[in-house]
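Using the sequences and the hints, build the whole thing.
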Amino acid sequence: MSGMSIGRRHLLGLGAGVATGLVAPAAFGQTKRPATFNWTLHKPEEVGMTRAGLEGVKAVIQKHIDANTITGAVTVVARRNKLVHYEAQGVRDVETQAPMRKDDIFRMMSSTKPTIGVAVLMMQEEGKLSLDDKVSRFIPEFSNMKVAVLPDGVEMPPRNQPFPPELANQVRLVPAERDITIRDLMTHTSGLSSGGAGRLVNRLQRGPGDTLADYIPRLGAAALDFQPGSRWSYSASDGIDVLLRIVEIVSKTPAEDFLRERIHEPLDMRDTYFNVPPAKYGRILTLYARQYGGWQPQRATFGYSPTPYISGAGGAMSTAHDYIQFEEMLLNRGELNGKRLLKPESVALMATNATGDMYHGVNGGVMGTGFGLTVRVMKDPVAANSGRLPGAFGWYGAYGTQSWTDPADEMVAALMIQQSAPVVLPDFEHAIRKAVVA
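Residues 1 to 438 in full-length UniProt numbering are what the sequence shown spells out, letter by letter.
The calculated label-pair distances, taken between Cβ atoms and stated as ranges, are: (1) Arg231 with Lys280: 38 to 44 Å; (2) Pro297 with Pro162: 23 to 29 Å; (3) Val94 with Ser130: 45 to 51 Å; (4) Asp210 with Arg283: 25 to 31 Å; (5) Val382 with Gly127: 40 to 46 Å; (6) Arg283 with Thr36: 25 to 31 Å; (7) Glu141 with Ala300: 30 to 36 Å; (8) Gly356 with Thr36: 34 to 40 Å; (9) Gly356 with Val94: 43 to 49 Å; (10) Asn144 with Asp210: 22 to 28 Å.
These are calculated hints, taken from the structure and not from any lab test. Note that this is a predicted model, so its numbers are computed, not measured. Even glycine gets a Cβ: it sits at the ideal position worked out from N, Cα and C.
Here it is, written out as structure tokens:
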């Protein structure tokens with residue numbers, strides 16, 4: 001199993017799920033180990049990895065720092081519940097050349113989403129909701145929604161491009177064939193705020209003082225981008241926020257309190273916040289973009305300015321330490337260090353491809369992966385150019401944060417950066433794969 005590529009025979013040996021995408025439950029059938037994890041650094045040989053291979057992981061990150069792809073990174077790899085790699089490389093501040101620190105706080109953006117997926121599954125286990133419940137059961141404004149439709153032959157520009165204003169005049173609204181469900185939101189198949197024709201006519205904006213309770217009901221007036229369940233298209237912001245509002249309603253607990261008390265504190269996610277305490281502002285990374293031939297600091301109040309709006313879609317601030325704690329809980333079937341958050345069946349459900357062949361990435365063109373409940377699921381690593389094994393699952397953030405759980409390999413990993421640099425991830429994954437020998 002060493003080397004950068006993964007043989008198809010090895011993949012097929014993990015089960016027929018490579019073809020179907022229903023690989024996660026089988027992948028969780030590994031030898032049960034005690035669900036304990038700490039931050040003692042172990043020898044890689046203890047878990048079937050090599051020291052030279054993990055030095056290669058460090059070298060890959062340094063290569064991208066030297067090439068000005070990223071300013072720095074914090075990376076973590078743990079296998080079989082033992083930490084084998086934990087490095088901070090590069091700089092956290094280009095002007096001062098202050099080195100990156102392991103406890104630096106990152107803007108997690110959409111890496112926030114899987115934690116909301118866990119919150120929803122917790123509520124399902126408690127009988128307070130079902131994935132197939134209509135959203136309108138909890139938020140009546142989501143009844144009888146409309147779908148924005150363009151004439152045949154007229155296509156929307158890509159989601160990251162502006163649209164001609166006259167295109168809005170061609171939109172007609174038709175009734176949704178059914179109400180959207182919690183499952184639709186968990187799998188990004190609802191059509192809500194997903195970059196399609198609805199954005200031509202929707203004029204909803206969140207106010208600076210809005211809470212989830214203020215804003216989410218207004219989304220019931222939004223035009224959907226397609227008929228619910230008919231396709232996959234990423235709801236970057238609103239969809240997961242609707243889920244978090246439902247968690248607030250059924251738990252009768254404010255979102256920030258629920259996430260802290262039910263997920264962050266039990267998992268010792270000690271530096272995960274939606275409103276970072278001022279005493280920790282100095283640990284928040286400067287945000288940079290590559291412009292004018294150099295690294296330019298970006299104006300980013302996100303993380304510094306307190307907000308009443310707790311965005312489950314992208315509002316968390318966190319560290320490599322905390323997200324590895326989260327992934328370790330998932331690796332151990334919902335339990336870590338004596339605290340159980342989910343039943344094993346719920347974790348397996350989260351990690352199972354739920355969208356057939358509809359998922360091809362946020363912007364299209366991605367092969368070999370499916371989508372579960374708020375997470376991408378690996379189906380065919382060769383097609384996906386990935387170092388993960390079938391059944392691995394995780395998600396990422398717009399500023400480059402990545403973390404995942406690989407049950408078949410009994411591994412978790414995190415790549416924490418603050419630039420959008422998609423070329424780094426496959427190199428990081430393949431370097432990890434090369435370090436595995438048994």
